[in-house]
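Chain residues, written in single-letter form:
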Amino acid sequence: MNKSSAAAAPASLYAAREDIYPRKVQGTFRRLKWAALIALLGIYYGAPWLRWDRGPEAPDQALLVDMPGRRAYFFSIEIWPQEVYYLTGLLILGAIGLFLVTAIAGRVWCGFTCPQTVWTDLFMWVERLIEGDRPARMALDRAPFSAAKALKKTAKHGAWLAISFVTGGAWIMYFTDAPTLMREFFVGASSPEVYGFTALFTATTYVLAGFAREQVCIYMCPWPRFQGAMFDEHSLIVTYEDWRGEPRGGAKHGQSFEGRGHCVDCGLCVQVCPTGVDIRKGQQMACIGCALCVDACNSIMPRFGLPGNLITYDSIANQAARMKGETPRVRWLRPRTIVYAAILLVVAAAMATALALRVRTEVHVIADRAPLFVRLSDGDVRNGYTVKILNMERADKEFRLAVAGVPGATLNVPGFTAEQADHAVLPVKGDSIGTFRVFVRTRPDRLGARARDIEFAATDAVSGRVYRRTNVFNGP
Amino acid sequence: MANVDKDTVTGTETTGHEWDGIKELNNPLPRWWLYVFYATIVWSIGYWVVYPSWPTFSTYAKGVLGYSSRAELEKDIAAARKAQEAQRAKIAAAGIADIVKDQDLLVFATAGGKAIFAENCQPCHGPGGAGRPGGYPVLADDDWIWGGSPEDILTSIRVGIRSGHKDARASEMPRFGDALKAAEIAAIADHLLAFAGQKPKSEAGAKLFAEQCVACHGEDAKGNKDLGAPNLADGIWLYGGTREAIVAQIANPRLGMMPAWESRLDPVALKMVAAYVYALGGGK
Chain A
1 MNKSSAAAAP ASLYAAREDI YPRKVQGTFR RLKWAALIAL LGIYYGAPWL RWDRGPEAPD
61 QALLVDMPGR RAYFFSIEIW PQEVYYLTGL LILGAIGLFL VTAIAGRVWC GFTCPQTVWT
121 DLFMWVERLI EGDRPARMAL DRAPFSAAKA LKKTAKHGAW LAISFVTGGA WIMYFTDAPT
181 LMREFFVGAS SPEVYGFTAL FTATTYVLAG FAREQVCIYM CPWPRFQGAM FDEHSLIVTY
241 EDWRGEPRGG AKHGQSFEGR GHCVDCGLCV QVCPTGVDIR KGQQMACIGC ALCVDACNSI
301 MPRFGLPGNL ITYDSIANQA ARMKGETPRV RWLRPRTIVY AAILLVVAAA MATALALRVR
361 TEVHVIADRA PLFVRLSDGD VRNGYTVKIL NMERADKEFR LAVAGVPGAT LNVPGFTAEQ
421 ADHAVLPVKG DSIGTFRVFV RTRPDRLGAR ARDIEFAATD AVSGRVYRRT NVFNGP
Chain B
477 MANVDKDTVT GTETTGHEWD GIKELNNPLP RWWLYVFYAT IVWSIGYWVV YPSWPTFSTY
537 AKGVLGYSSR AELEKDIAAA RKAQEAQRAK IAAAGIADIV KDQDLLVFAT AGGKAIFAEN
597 CQPCHGPGGA GRPGGYPVLA DDDWIWGGSP EDILTSIRVG IRSGHKDARA SEMPRFGDAL
657 KAAEIAAIAD HLLAFAGQKP KSEAGAKLFA EQCVACHGED AKGNKDLGAP NLADGIWLYG
717 GTREAIVAQI ANPRLGMMPA WESRLDPVAL KMVAAYVYAL GGGK
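Those protein sequences? They're chains A and B, same order as listed. Counting in our numbering, the first sequence runs from 1 upward without gaps. Counting in our numbering, the second sequence runs from 477 upward without gaps.
Note that these hints are calculated values from the structure, not bench results. One thing to keep in mind: the hints can contain errors.
Stated by the list, open to error - Derived pair list, reagent style SDA-like, types lysine to any residue, alpha-carbon separation capped at 25 Å:
id	chain 1	residue 1	chain 2	residue 2
1	B	LYS482	A	ASP278
2	B	LYS558	A	ASP378
3	B	LYS577	A	THR410
4	B	LYS701	A	ASP378
5	B	LYS590	A	ASP422
6	A	LYS388	B	PHE584
7	B	LYS698	B	GLU738
8	B	LYS590	A	LEU376
9	B	LYS551	B	PHE584
10	B	LYS590	A	ALA367
11	A	LYS397	B	GLN579
12	B	LYS551	A	VAL194
13	B	LYS566	A	ARG446
14	B	LYS698	A	GLY379
15	A	LYS388	B	ALA594
16	A	LYS388	B	GLN579
17	B	LYS677	A	ARG446
18	B	LYS675	A	PRO444
19	B	LYS577	A	VAL413
20	B	LYS566	A	PRO414
21	B	LYS551	A	GLU193
22	B	LYS675	A	ASP378
23	B	LYS675	A	ARG446
24	B	LYS577	A	THR435
25	B	LYS677	A	LEU376
26	A	LYS281	B	ASN502
27	B	LYS675	A	GLY448
28	A	LYS281	B	LYS482
29	B	LYS577	A	GLY434
30	A	LYS429	B	LEU581
31	B	LYS551	A	PHE197
32	B	LYS558	A	VAL413
33	B	LYS701	A	PRO414
34	B	LYS590	A	ASN412
Next up, chain A with everything else stripped away, as it sits in the complex (with noise of 0.2 Å):
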């Protein structure tokens, strides 16, 4: 047992990061990646000033969670605790979409709109505009240290940290008021949740962005583990064409390709690649579907007079086609892109009918069980109720309310009917809960049972919109 071991020192279990100097490249899919970067941020640091007029109780601010408040802000919807289902929505879209984008076009999230590949792709451009491009930054990192070297990297952190912070910051704004928090933020008046907070998103935006990069990939995250279960052979996917590329060699300019691949082994695909990833050993799980390496490649073929995408945006089932000679064919309608774009459709149809058929008045009615009912020196059976009237308009209401179902019966609500009154008008103000303390008597003998279903009907005074709520009366 155990013979190697002893032949041999052991391999250590603990890998040191391989440095990763991503070279600087042009192309079509570098455009849409800055392209996206630059939508995407503009979209983060920019959403929470948009303002949206709710009047004076509530916040101006179009996109808001505000905690404290229970309440969450999008443009028109106001969402109150008791509605985070449409999260749940949110969520289930968010996960079908992703299933559909990557079954069609592979990883086209974590290459292009992921946070991760977004702002380290962003912190990449600042470390190359100070430190320089490939060669000059590995240089610079052999070099020994120098004031210059110093200055070089103290810019870069500094660049950073500055970018991390503004990051940090603009997280807070989602939760509460931006100008606001503009104002006190640096005059020291905020709360320490909020400075706390702020140098929590900075410290991970730092360091997700600046040093864990490709790590956040290959070891945390989890969707590289089973993002393959959503491909098929016509996904489209960043694949490289061995059949033509491979034996691949040196090659000088002008040289015949006679009997060899197309592939110059130039390793500009791997050069540039954010993770890494030499794309010629096929599919793998830390590639990240950038293309980057497409446009490395596609920078290369011209200039030995050779046909592009030799590494290339294509399906499985195309490159065999390709192999063969057959004309190769994008297939858009596959059962799994059906299917998703069918639940896709239903889910996000059943939350616009939701949203479009919301009721912004809730009415819960809550009977008293200790005790269940109460005998009244005049005889008569009374049952508490607490009634809240759930009031989600900006506007000023009044209920008129009324029971039904329970013969002869009378109600009182303390401060709003006199006793034994046939119903009672109860205003609740804008955006507000009203909680309403309601008694219902009748005589026994009326009651024909133990216990009666009965109704409760608060008609909006304006609208006449009825909300009715059934409970029960109990009585001997």
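On the provided structure of chain A, position chain B as indicated by the hints.
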């Protein structure tokens, strides 16, 4: 490392371990992961030093910060008390009648009163003032032996019933079992049941009632709140409404006791719990 063992299929190094011909591939963890693990160990040691940790024979290691969750709680309670000061001051200054009329004060008072009630009153009077059989009156109805106005309720809570307090509410129901015959007592019981419409009227009972009971309970048996004489005409019976229970109560009355809360609750708490009890049934 010339002799590193490589797996022939994958070309990956093995860890060198082999069990029954099965070898483990070496897919090394990142080194930072290892350092993070070490860092957590260091962190835990720091935690021992800074926060309370292990027990000693008679006490426990308090940690250099001297942190205690109980002290935190006391700080929170003090902060909450401070936040309530303004409203507690208003309650202290206002009469109980004004408190129940002021919607804001009433909400504050009943919220606090509910907690005080649950702690002090609920064991006898039940949750929500539901009462308990055997002399613990229902507080959610409108039948009040000593009066159900906010002031009456506050007084009852403050001085108690037959509590030994110098101003305690006290009423004495005589033992009619010594003075009357069993048949006479039964006749009075029948007469009382007739008041509530549960029995036909009894001539003999009416006569005996007029002789013996009217002084306290009144001609119409509606009771007298000043004397603490209960309303006998409303069908609500503290010690049970069966004929046997009524006979027993006339012959050998049970007289309940409620403690005086003045010595146990501060004046603000007394007003808060009175407001809560008043709100339970509306009072009369």
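Check whether the Cα positions of LYS577 (chain B) and THR435 (chain A) lie no farther apart than 25 Å. holds, 17 Å
Keeping to a limit of 25 Å between CA atoms, is the pair of LYS388 (chain A) and ALA594 (chain B) held or broken? The given pair, whose Cα atoms are some 23 Å apart, holds under the 25 Å limit.
Does PRO414 (chain A) sit within 25 Å of LYS566 (chain B), going by the straight-line distance between their CA atoms? Since the Cα atoms of LYS566 (chain B) and PRO414 (chain A) sit roughly 22 Å apart, the hinted pair holds (cutoff 25 Å).
Just to be careful, I want the Cα atoms of LYS577 (chain B) and VAL413 (chain A) compared with a cutoff of 25 Å; is the pair within it? holds, 14 Å
For the pair supplied as a hint, LYS482 (chain B) and ASP278 (chain A), confirm whether the alpha-carbon distance does not exceed 25 Å. holds, 21 Å
Hint check: LYS429 (chain A) vs LEU581 (chain B), CA-CA at most 25 Å. Holds or violated? holds, 18 Å
Are LYS281 (chain A) and LYS482 (chain B) close enough, with their CA atoms no more than 25 Å apart? holds, 19 Å
Within 25 Å, alpha carbon to alpha carbon, are LYS281 (chain A) and ASN502 (chain B)? Holds - the C-alpha atoms of ASN502 (chain B) and LYS281 (chain A) are around 20 Å apart, at most 25 Å.
With the threshold set at 25 Å, check whether the alpha-carbon distance from LYS577 (chain B) to THR410 (chain A) stays at or below it. holds, 23 Å
Would the pair LYS698 (chain B) and GLY379 (chain A) pass a check requiring their Cα atoms to be no farther apart than 25 Å? Roughly 13 Å separates the two Cα atoms, so the pair holds.
Does the structure keep LYS551 (chain B) and VAL194 (chain A) at a Cα separation of 25 Å or less? Holds, at about 22 Å.
Satisfaction of hint between GLY434 (chain A) and LYS577 (chain B), Cα-Cα up to 25 Å: holds, 18 Å
The earlier numbered hints that this structure contradicts are 2, 5, 7, 13 and 32.
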